[in-house]
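Visitor: The two chains are supplied separately, each in an independent frame; assemble them into the complex guided by the hints.
Line order of the protein sequences matches chains A and B.
Residue numbering for the first sequence follows this note's numbering, beginning at 1 and increasing consecutively.
Residue numbering for the second sequence follows this note's numbering, beginning at 1 and increasing consecutively.
No lab work stands behind these hints, which were simulated from the structure alone.
Nothing here was measured: the structure is a model prediction, and the numbers come from that model.
Note that the Cβ used here is the ideal one computed from N, Cα and C, for glycine as well.
One or more of the hints may lead you astray.
Simulated crosslink set (SDA-like; lysine to any residue; CA at most 20 angstroms straight-line) [as the list claims (entries may be wrong)]:
id, chain 1, residue 1, chain 2, residue 2
1, B, K391, A, V464
2, B, K245, A, V68
3, A, K488, A, V464
Computed spacing ranges between beta-carbons, pair by pair [said to hold, decoys possible]:
id, chain 1, residue 1, chain 2, residue 2, range
4, B, T351, A, K18, 23 to 29 angstroms
5, B, I350, A, E392, 41 to 47 angstroms
6, A, L278, B, D51, 50 to 56 angstroms
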Amino acid sequence: MLDLTYDAPEPKVIAGAKHDWELVIGMEVHAQVSSKAKLFSGASTQFGAEPNSNVAFVDAAMPGMLPVINEFCVEQAVRTGLGLKAQIHLKSAFDRKNYFYPDLPQGYQISQLYEPIVGEGEILVDMEPGIARKVRIERIHLEQDAGKSIHDMDPNMSFVDLNRTGVALMEIVSRPDIRGPEEAAAYVVKLRQILRYLGTCDGNMQNGNLRADVNVSVCRPGAYEKYMETQDFSHLGTRCEIKNMNSMRFIQAAIDFEARRQIRILEEGGEIVQETRLYDPDKGETRSMRSKEEAHDYRYFPCPDLLPLELEQAWVDDIAAHLPELPDEKKARFMADYGLTEYDASVLTAETASAAFFEKAADGRDGKLAANWVINELFGRLRKDGDKDITESPVSPEQLGKVIDLIKSDTISGKIAKELFEIVYTEGGDPEEIVEARGMKQVTDTGAIEAALDEIIAANPAQVEKAKENPKLAGWFVGQVMKATGGKANPKAVNELVQKKLG
Amino acid sequence: MMPVSGNELSKMTIAEARDALRGGDVTSAELTEACLSQIEGAGALGAFVHDTPEIAREQARAADERIKAGDAPDMCGIPLGIKDLFCTRGVPSQAASRILEGFKPEYESTVSGKLLEAGAVMLGKLNMDEFAMGSSNETSVYGNAVNPWRREGDEAPLTPGGSSGGSAAAVAADLCLAATGTDTGGSIRQPAAFTGITGIKPTYGRCSRWGIVAFASSLDQAGPMTKDVRDAAIMLEAMCGHDAKDSTSADLAVPDFEAMLTGDIKGKRIGIPKEYHMDGMPAEIEALWAEGRKMLEDAGAEMVDISLPHTKYALPAYYVIAPAEASSNLARYDGVRYGHRARLAQGDGITEMYEKTRAEGFGHEVQRRVMVGTYVLSAGFYDAYYNRARKVRTLIKRDFETVFADGIDAILTPTTPSAAFGLGEMTEADPVAMYLNDVFTVTVNLAGLPGISVPAGLGSKGLPLGLQLIGRPWEEGDLLNTAYALEQAAGFVAKPQKWW
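Chain B on its own, in the form it takes in the complex (with noise of 0.2 angstroms):
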């Protein structure tokens, strides 16, 4: 099905656009102006926190003739959303916080810049949680970004999950073709789920972290949010590869993604990990669950009931490992150099400069984290907390790395222990029960593995769920041509009814 009308363009997969496109049937400049119309009527939906026509408008062009001569990669001209946590050249970049008021790089991150080289079209920044420490985009400098997805005959507005919440949202809303995410513990997957749309984070190393705000870099990988499987497959492609900037990036190559979707999984073997059954998760969440199994099965793909035994102490792991690298991490954003710099009073020193300067830049969420970091790094706990989570860590490495070894391909899991919830319904509560949404999610990040979010049906309120597919490393290939598969089963259309 191929959308004509302007209004529709937006709505188009990257695949479709990339065909009509280079059939001549639109062009960037058109699919850009669609995007940029969507956009700015999609206010309420506090997706976009950064506008870039003018330079959308000018990289549209450029694509525009690229493709007439002929040489334009998949990604030429296709409009695309970015991460605010991604370092763009001489557009703001402040990882939706305020201590990086103003700051605008004078680099592009490493990812996006594999973008526009291959001619995608900016058209701006993406909302997300401050320094993507949240799961509902609550905790952004910007305000939330809101979910175009409501509960049936229910107006409360929902959260489009975090810390991506505003590439989802975009996305979901077809304000954009596609957009870049992050995900350290959850980020792209969890927002995907929550929107219904696919969201892939690759193996750690695959994408350069050069250029990304740094939250926790041990587990920080960027991936692309898009409308389907193949598209992450396309786009994965043009945002990795070997970076000698990030000397965590893997020198491998990258394989064509998008020719490995047949389709077919015969013969694959599918685990099911049964300590992912936690008490008092949602009946629909158990009951997609099931029917992602059958689906898998119809496909031809062997399940095979597994153990990942160390899988309850992750979530406590990575609320340990996680804060305590992003102590680390923010220590730069002390007001000294660049960004927001709290005024003084008479007498103040440097302790003052530095306090005054983080309370105000960070909000409550960044310095909870902060401070947590700072007191299992602190000497007397360091082995009790952050030395023990790290060999969890590698306990739970190496539950993946068994079933792996028995020749399990692929692990099938829900993303998320429920669909999206109110805006506010959490904020209120122990963070505890905030965090417990990447209960699925953290174990991917810690182990370092590929993880894909597919959505896979509505709930009983008619909210999209997503079912998580994890891969073997650097196997992205095998992973996303089994996410195809399940995508293809679950045969998921459904979009948000416009109310925005």
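Next up, chain A with everything else stripped away, as it sits in the complex (with noise of 0.2 angstroms):
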């Protein structure tokens, strides 16, 4: 295995109308835990259901109902921390968050203030090859999603859906240890990519699956490692968080703007108020929610209705036995046995479906070939196809391995290869039979070679003439016998009979 070293990226600098300004931004990601059931709850998680059909009595916290904790939820929190190399909690236990909303139907958010699940962790931010920034996770705890208010049905009334009420959600909580509007980007890019391989959260940020709050501040240039050699935040700008965030694009942006409003602020003789925004990507501009003074008082408090949840060892040990191989690992295998670059490797490891496509058509094969073929043909055909995930590739591994086989065989020619491959492709069938059955085999017998260039020679003594006094001319013989062989005679043999017979 490899042992990749990465340097830290520089931080994003912002030039303001003074002098110079850096960022410091923390994420707390909202990933929903991939569960069938909810956190309390039997009643069904499934997405796009009709409003208000997924909810249990504790979910409409009818009176006297009692939440049960969902034990595959909690394991679920427990990979996820394995997964980012956090210490897990064996004791943790839950609160109630207190607040007032028709989409809260207990009146409180069960969750985890005090004793969270999941301690700190960390999680490696790729930004390019050998560039990396390594982001500390400072908790995870679980908690409960609230329902949906729909205000725009009708005129005079509100409406709520429950369904989403008392989901599981893991919340991950980040230090500030992120340096810019495209690190915050490949930070919850490598999150979720993470959470993909663990199968914890589907990681879906159109469905409000993956969403983020991020906390963002300035300051000058030398504060923030001041910040990191003491850990203290006296050292740093005051925050402001800007809730929900569920495109990368919009998080770029959002921080972005809002950095340089902070800028703007502190260069005017200013004060940031810590508070509360929202990003109005119409506007492209962040906006105030609710400032510091009128922030809830959620009096937090233990909930009485659950006891402490406590895990055992042995049970931890189990999951983290059988956790599958992580993103990091994957790529310096890849790098290590295929003998792939970082980026090739990284852009199979992307998703678990391409690596396991690419380790299936590389299986006995040139590795490097195989990676070719998957990132540029594979992928730029399903791209083309309609944006196409890799697991609605209509090749196979098996097959693209074939096509790679007929071209290390010296079979077909790399050009007669993409036909072979688009034939495949757009028609389905085994390259070989196909490769057989319209004649695509490479022509590599030299004595067809000899017959077709002699044939070409006698036809053509004025160029022989020419060719003889100018070498260069030497190319349109070569031409004229891959015509003669509808593409089919090898290249190379073809070039070295033009250069014996007319050299």
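Guide: Right, here's the structure in full:
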């Protein structure tokens, strides 16, 4: 296994009117736990169901109903923690976060403020080959999602859909180790990738299954290093939290806007007010949602309906023993075993499905060649085909492997291989049989090539004379031979013969 | 003594009725009719707030068939009243609050469900303090229940206690054979003491809380309110047991409590905590306590003076923790999904809907506790109140653990600092005066222990007084046996004079 080392990326520097500024960013990502049932009820978590059809009595907070922890959600949180190389707390506890809202039937969210299930971990955020940021994870806790209020269906009424109410979320809280908008987006990309590898969150941002609250502050160059030395937040600027972002593009745009807003205020002698803000993608700006003074007093206290969550080390160990190979390991292995570049290995390991496809296609073959075919031909073709996912590829890894074999054995040329690939993609079939049936085999028989060449030489005496004077014109004969053999002649063999006969 | 005439049937104990049912001497239908007719004539007691005669008759018929078939559990065919705090399927379950107006659950609480599965007959729902917050049953939206007992030569109506006031009045007045109660700070034991009946609050976790409207989740426990200790043993056994739907329910086997009633307490060490001697406690309470001590001693127990040093902090701690949990538990009553919703004015938004609904739906005592609870949990006060109260709670628990570790088997105290008081007498007073009713009982809830109140004598005005026994956790059987010995020694047989 390759032991990869990385350099930290340079922090993003924004030039203000007066001086330079740096960004300091921390993230709270809410990831919906992949689970068929909710965190404290047996109701289904299926997306897109009829409103209020996935609601148990406890989800609707009917009188006397009690929460019972869904063990699978706990297992998923532990799996996530292990995947982020984090400390698993064998004892954790649930607290109530109290506030009133119609889509919060209990009047409180059950969360884990004081004793989260997962403690400190880390994520390596890859920026480009050789460059990555190590972002520390502060904690992960389990909590309930709220329902959905719908205000635009009726002019006089609001509607509430409780299907999402009580669905399990993992809140993954980072330290303020992210230093620019691109890093922030890359952090979410990497976190999402790990969660998808682990199977603990599907990462579907469109459905809101992964959303991020972004804490942004700005500071003068040098201040962040002081913070890192001391862990004293007073070296950093006052932060604002941008809530509920569910697109990488918006995350970057919002951070950029927010940083510039703060810099402008500070350079004009103002002060940043700690507050919660919302990003408006139409206007490309963040707006104040509520200030610190208006912030809710959530009156957190231990949830008396639930006993502390106690895990056995052996149970945790068993989950750890069955963790899948994670992106960083897979990437390093692809580089070591297949001789891939970091870039190619990164592209192939972005999704487990593409990594698995590649491994099958490359099995017993030239890894680099297989990587080129997967990345350049297959991915390119899928993109053209309505941005299809690798799991929808009409070409199987076995088929692609055979195409590669045919190239390797000099049975077909690279050019014919592309034609073959297109046939396999659109029509299907066994590549070997297609090559056989359609006469696509490369002609390596020098006798046949020589006969064709002789015929061309005999028919074009003037060209022969010119080519003898100017060897560069020999290419014309190569072209003629290729044309005469329908492109199937081995170009190397043709070249050699032309050289010999005209040289 | 076996009551024979129809009018007398409702006076039976569960044990008597069980034996008579099995012996074919009486049918559940007859028992049920007797109770229904008693209920019909007892409107003045305000005990029952929703009668369910059709359900009762149907259940009685089914019980009689089961008894005939010969596989009937002890509770089969026994007519009961159910406290309004229990959710009962298809039957109004309002926790005596306006905010749950019209609410009929689509589910049955685990405890009432277990009783019904055992063949018990539900006569109806019983009055209580709103959301079980009160010690006199005066905070009920239905109006107060009235104690069937009166002071000698005085017609002034008295409180049956609270919050399980309807349950206590109904059992004491023989409107039913027994009733369910719940106890967060004394709500089974205090009304039992005020009405001359027996009430046990089991160890926290013994009975499932699923389907019982929550007041203070870490303190709430259901328990039986019965005519004697044997009935308490029989009914408790039917009510308790592990429930996967309540995470705080204990996964422990339920013993045969009735079989443990030998009356033999020789060699038991019973503690008398010195801190329970309160300043200004009426002489008759002190006297009763002393008598109780004597009775247990005569029965062969060793009486030991003990100390529970943190007792004086129990009431303040309780009145921080219980309202804190209540303020959160009652947040769900917001007018959005069920129960009462205020009429809104033009332009009112969600905040007005919450405010008006909750102002109209909750009574004053509930509002007071929601506000106190909100306050003690709020930022800046949390440590000073809620966290400190939790620490006190730990110390109180430790007090008990220490004496139990020293070999004490049970603790004897008065149940209440006085006999039943007059309705309206305390409502004008400082609410803290009312809270003082719980002074001997809240420690038991804070420590999660089992506690039982047994009627032990009549006070100077002819009102019943109760003694409380506190037991080791999960040892309800042993506690019931000690209570049984006390009951036999006390020989309390008085009944209220019927005036209703």
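Visitor: Now tell me, hint by hint, if it's right for this structure.
Guide: Now the hints, each set against the structure:
1. B/K391 / A/V464: 105 angstroms, violated
2. B/K245 / A/V68: The hint holds at about 6 angstroms.
3. A/K488 / A/V464: With Cα atoms ~23 angstroms apart, A/K488 and A/V464 exceed 20 angstroms; violated.
4. B/T351 / A/K18: 23 to 29 angstroms: 44 angstroms, violated
5. B/I350 / A/E392: 41 to 47 angstroms: 45 angstroms, holds
6. A/L278 / B/D51: 50 to 56 angstroms: 54 angstroms, holds
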